[in-house]
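So the protein lines, in turn, are chains C and V.
In case it helps, our numbering puts the first sequence at residues 1 to 360.
In case it helps, our numbering puts the second sequence at residues 1 to 268.
It is possible that part of the hints are untrue.
[As the list claims (entries may be wrong)] Computed list of chain V residues with no C-beta within reach of chain C, every gap over 10 angstroms:
1) Phe21
2) Leu22
3) Leu24
4) Ala28
5) Asp32
6) Asp49
7) Leu67
8) Val90
9) Leu116
10) Gly117
11) Gly121
12) Thr131
13) Ala164
14) Ala170
15) Ala229
16) Val256
[Unchecked claim] Simulated coverage check for chain C against chain V, where a stretch passes if three residues somewhere in it have a Cβ under 8 angstroms from a Cβ of chain V:
17) 47-55
18) 80-87
19) 100-108
Rather than coming from a laboratory, the hints here were simulated on the basis of the structure.
From the three backbone atoms N, C-alpha and C, an ideal C-beta is built for every residue, glycine too.
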Amino acid sequence: MKPASPGLCAELGHSVGTIRLDVGLEVPAGRCLALAGPSGAGKTTILRLLAGIARPQRGRITIGEQVWLDTERGVFMAPELRRCGYVFQDYALFPHLTAWRNVAYGLRRLGRRQRHARALELLERFSMSDLADARPATLSGGEQQRVALARALAPEPSALLLDEPLSALDARGRASAGRELSAILAGLEVPALIVTHDFTEAALLGDEVGVIDGGRIIQRGSASQLAAAPASAFVADFTGAVVITGTARARNGDLTVVALDGGGEVATTDRGDGPVALSVYPWEITLRPPPAAADESAQNRLLARVVSVTVLGNRVRVGLAAGQPLVAEVTGKAAEELRLAEGVEVVAVFKATATRLVAL
Amino acid sequence: MIRRSWFSALLAAALSLALAFLALPVVAIFTDTSPGTLIARLSDPVATDALQLSVETTAIAVAVIVLVGTPAAYALSARAFRGRATLITVLELPLVLPPAVAGLGLLAALGPEGVLGGVLGDLHIQLVLQTAGVVVALTFVSAPFYLRQAQASFEGIDRSLVQASRTLGAGEAATFLRVAVPVALPGLLAGLALSWGRALGEFGATLMFAGSFRGITQTAPLAIYDQFATDLPAALALAAVLVIISGALLLTVKLVAPREAGLAGAVR
Numbered sequence: 001m002k003p004a005s006p007g008l009c010a011e012l013g014h015s016v017g018t019i020r021l022d023v024g025l026e027v028p029a030g031r032c033l034a035l036a037g038p039s040g041a042g043k044t045t046i047l048r049l050l051a052g053i054a055r056p057q058r059g060r061i062t063i064g065e066q067v068w069l070d071t072e073r074g075v076f077m078a079p080e081l082r083r084c085g086y087v088f089q090d091y092a093l094f095p096h097l098t099a100w101r102n103v104a105y106g107l108r109r110l111g112r113r114q115r116h117a118r119a120l121e122l123l124e125r126f127s128m129s130d131l132a133d134a135r136p137a138t139l140s141g142g143e144q145q146r147v148a149l150a151r152a153l154a155p156e157p158s159a160l161l162l163d164e165p166l167s168a169l170d171a172r173g174r175a176s177a178g179r180e181l182s183a184i185l186a187g188l189e190v191p192a193l194i195v196t197h198d199f200t201e202a203a204l205l206g207d208e209v210g211v212i213d214g215g216r217i218i219q220r221g222s223a224s225q226l227a228a229a230p231a232s233a234f235v236a237d238f239t240g241a242v243v244i245t246g247t248a249r250a251r252n253g254d255l256t257v258v259a260l261d262g263g264g265e266v267a268t269t270d271r272g273d274g275p276v277a278l279s280v281y282p283w284e285i286t287l288r289p290p291p292a293a294a295d296e297s298a299q300n301r302l303l304a305r306v307v308s309v310t311v312l313g314n315r316v317r318v319g320l321a322a323g324q325p326l327v328a329e330v331t332g333k334a335a336e337e338l339r340l341a342e343g344v345e346v347v348a349v350f351k352a353t354a355t356r357l358v359a360l
Numbered sequence: 001m002i003r004r005s006w007f008s009a010l011l012a013a014a015l016s017l018a019l020a021f022l023a024l025p026v027v028a029i030f031t032d033t034s035p036g037t038l039i040a041r042l043s044d045p046v047a048t049d050a051l052q053l054s055v056e057t058t059a060i061a062v063a064v065i066v067l068v069g070t071p072a073a074y075a076l077s078a079r080a081f082r083g084r085a086t087l088i089t090v091l092e093l094p095l096v097l098p099p100a101v102a103g104l105g106l107l108a109a110l111g112p113e114g115v116l117g118g119v120l121g122d123l124h125i126q127l128v129l130q131t132a133g134v135v136v137a138l139t140f141v142s143a144p145f146y147l148r149q150a151q152a153s154f155e156g157i158d159r160s161l162v163q164a165s166r167t168l169g170a171g172e173a174a175t176f177l178r179v180a181v182p183v184a185l186p187g188l189l190a191g192l193a194l195s196w197g198r199a200l201g202e203f204g205a206t207l208m209f210a211g212s213f214r215g216i217t218q219t220a221p222l223a224i225y226d227q228f229a230t231d232l233p234a235a236l237a238l239a240a241v242l243v244i245i246s247g248a249l250l251l252t253v254k255l256v257a258p259r260e261a262g263l264a265g266a267v268r
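Could you put together the complete structure from these sequences and hints?
Here it is, written out as structure tokens:
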């Protein structure tokens, strides 16, 4: 067992243009916090401040006992001393260096031969050893991302920061890159921080998700907590679709039938095979009292228990436990009629056409 | 249809005229005198002395420009400070300064009676009418060409490359050497070629500041002027060599320069 790595703590106050950033965050070692918010929310600025490539007007950053920044005491540690692994949105690979030399860039302390060996070992881990001598310009987006990750991880960084890690990839590359990335994050022993404009991405990659808007973290929690009990209408809308996973294994006429992880079956009009993710918008899910009557064949039914009821103006967010967490959004009138409260059993009903499938 | 055809003819005529006018003098240098005579005249000691001096002084000037200009241009591109725009304008001033004015300015600054004349005298440094003075004049006149191009090249570097380098443990100096210079290299080489070309052709400032003494301050352009009254074939031979070198430098710029930055500096 290695000694436990320290966690990252930051309080940052900074104004850039019209954004007034005011955030506090702590990320324990080995955990990944995903900050999700619309563009212009100040997400990238947070990463830049943490890495030390920008200075905040006010703030304090510590990692364990080490103080990276303390504006009150005039402490500012240079980025090269903080050694944050930083994966830039456009990857920022050095165009004049081959893939392996990019990875070896942060390994100056090692000898020539060790440097080469370590770079190749990392590229190997990302199945990129064949392209070790390729220039970044000749690599695809997904390949560039893997080189950028390998480069960030090579010097054994004190923390890992990722700026929109999947947004530069096309839809197909995104699913596999996302899977790879979450596996790497799971094995990481240092704090990790991801910023993204896509809540689904945040839910997929973060152990915890913070929704950020206008320079502030509005709410933090697990992705399902945020969706089920959003602190504001903004969070409710931002969380978007509910994502559940399963295995597509049978076709029923025109429909794909997916066996959900944790039990239950759902049909979708999308085609797919093997492990998949399904997404449904909360407002597409209606709630009925049990038992579920099989009246319309195209509808999905999942027996669920209510775990939270959150009133957002004229709509009600209902957190559901149904093998996997689900979220429904109903009118206040419907909530009253169903006597929705914690522990009540309901049936979540949604159409196969409202169920989108993404291959994993 | 008719309109377009007369306009096309006009364009073609304008282009032909421009080409003929700009290329003819260059071609004439080679055709006016037979190649044999040109080569024979090149062995003339006046020509060899002048060429050797030109190569030496321009090489030193360009080396100084690159060594000082590269970090200076980086500072201009990477640092935000008050008066930066004014500073850039001052640094570009020699681009538009008439050479005679540049020569006078150098005399007023570094001549025996100049602003720094006393200091230089105390240090036993004499520039006027010396080879060192040629280097000073060449550096003064051609440095802005390199500075401009280098600054533009550094500014063209994606900021995230520099930031990535820092997060990977490289300090500012290491980042400059290992990322900024290599990434900007095509632009820097183009700037080097441009300023070298300018230095090779320098005439007025050198003449005013350093004079035209054979073997000491008489560079190739000065020798051409000196010879053309007395020995036209010799002047033409020297001119031909300068055309070839300048052409080679221009070709270098075209080949190595990033497409857009290209000749931006040359067209001042």
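Results for each hint:
no. : hint    : in the structure
1   : Phe21   : holds (41 angstroms)
2   : Leu22   : holds (36 angstroms)
3   : Leu24   : holds (42 angstroms)
4   : Ala28   : holds (43 angstroms)
5   : Asp32   : holds (46 angstroms)
6   : Asp49   : holds (42 angstroms)
7   : Leu67   : holds (21 angstroms)
8   : Val90   : holds (30 angstroms)
9   : Leu116  : holds (38 angstroms)
10  : Gly117  : holds (44 angstroms)
11  : Gly121  : holds (45 angstroms)
12  : Thr131  : holds (38 angstroms)
13  : Ala164  : violated (4 angstroms)
14  : Ala170  : violated (6 angstroms)
15  : Ala229  : holds (51 angstroms)
16  : Val256  : holds (14 angstroms)
17  : 47-55   : holds (count 4)
18  : 80-87   : holds (count 6)
19  : 100-108 : holds (count 3)
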